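Peer 1: Sequence:
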Amino acid sequence: MNKETSTLRSLANIIVRAVDSMERAYAQAALPLPSLDKPFNPEDPAEALAQDSHVATAAKNLVAACAQISATVWNPRRFVTNQGKGYNMSSCLRAVSDFNVVDVLREAGENGASVNDIGAAVGVDPRMIERILRLLATHHIFREVSPGVFANNRISSTLEKAKPSRELFESRETRFVGSSGIAAFVENDGEVGGKCALYLAESLRTPGLVPFNLAYDTKETLFEWMEGPERSYHVNRFAFAMQGSAAMEPADLIFRGFDWSALPRESVIVDVGGGIGHESLTIAKKYPHLRVVNQDFASPIEMSKAHWKKSFPEHVEKGMVEFLGEFTFDLLRDFFTPQSVKNAAVFLLRHIIHDWPDDRALVILQNLRKAAGEKTQLVVIDKLVPFASTGTLADSKMSAIRGAEQQVAEAPLLPNWGAAVADVYLYDLTMHLMVGGIERTVQGFYELFAKAGWKLVEIHQSPGTQMSHIVGVPA
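With the UniProt record's numbering as the guide, the letters of the sequence shown map in order to residues 1 to 475.
Derived from the structure by calculation, the hints contain no laboratory data.
Note that this is a predicted model, so its numbers are computed, not measured.
There may be inaccurate statements among the hints.
[Unchecked claim] SDA-like mimics (lysine to any residue), calculated; alpha carbons at most 25 Å apart, straight line:
1. K318 <-> R265
2. K375 <-> H460
3. K310 <-> F255
4. K285 <-> G119
Produce the entire structure from the sequences given, and follow the hints as far as they go.
Peer 2: Here is the structure:
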């Protein structure tokens, strides 16, 4: 048996063990494995079980092993050229979401609808609808029930907007209100990210400019560009997209790390750049003795006020939450304006630091350090980029940080689990494409914190997610 044959057998064995583990977990819980053919139901106990650490680890091994087998056995020329056509997937996903196809199919039920009916409902040539849906169905997004008849499945249904399709076509500005935000995320990435991706190579030859600048022929940052009054739709969609990014993670992710219960009564959490305040609201609901300051641009803050009044009116009525729409785009560009809230118990930054290259991220953290008290803690919630190779952290100081050690997959899987964690690297490049940002390694965070006057003391990594709680204290 040669090495590659042995590798295939080892990967197959990993798949068998992972399937056994998942079947055992669902059998013990007397629950069926969620069906790919049925719409996604986030309230289903079977979906909740998928977040169990043992089930999540088994799923991770399955995805990694299946992808590695495909890469090993498939024609390499076809493999690489298919990857090169990946833009078709993102553009088709954006199209079906933009034209509310998922919501039309939701109303059609499990038997689906013909492309003629779908085309009539959304105002698009049914022949194009058919071609788009067939490509997506071939990748297990949607289901072709019979020739030319399509229905939602577990994956496509995540793009639902939770409104009658008629209302979605009547009011484009409010399409995402009440939704999970996943559709907003896919549309934002498909439109803005898709355009920027075309200019990656050109940007490498143009120092000082990121792909967004070339794609939109502007010297403004994405945030400055969105400030224009004609782009209010983009701003609102972006805010819901951030909600969607949270929806992709376990519902209790905010509690899988930093111990919010240990904060004294009346402690102040500043949700820096918190959008509509989804994360801080989740914390406040569980620990209503904590105060919250939600801080962002004026537009998201107005949306935040409505969101909090609807979701947690008691906290608003008791004056336990404050809304500061004081961010301007000059502030986000330079961050020279000092942090207005002093001596907070926690500065919470979820998906903020990854928006910025090191020099700008440094100024953000320095300003927070200047506003911090002796007991202030910094909680950054971002993705940690694992290495695709084996090895340990070279700096002994980093190795001593609780939770900093990278977990490694069993051989012959790639040490970082390969395709099962591909979204980390996709996010990393998306940050560069749109805003010149970066997803960081442990070393990247360690060095950035130290330069800004913070000491990285603990990292909480949770199975089933690539998001980590990265905790710092004043140095």
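Peer 1: Flag every earlier hint the structure violates by its number, smallest first.
Peer 2: The structure conflicts with hint 4 only, although it agrees with all the remaining ones.
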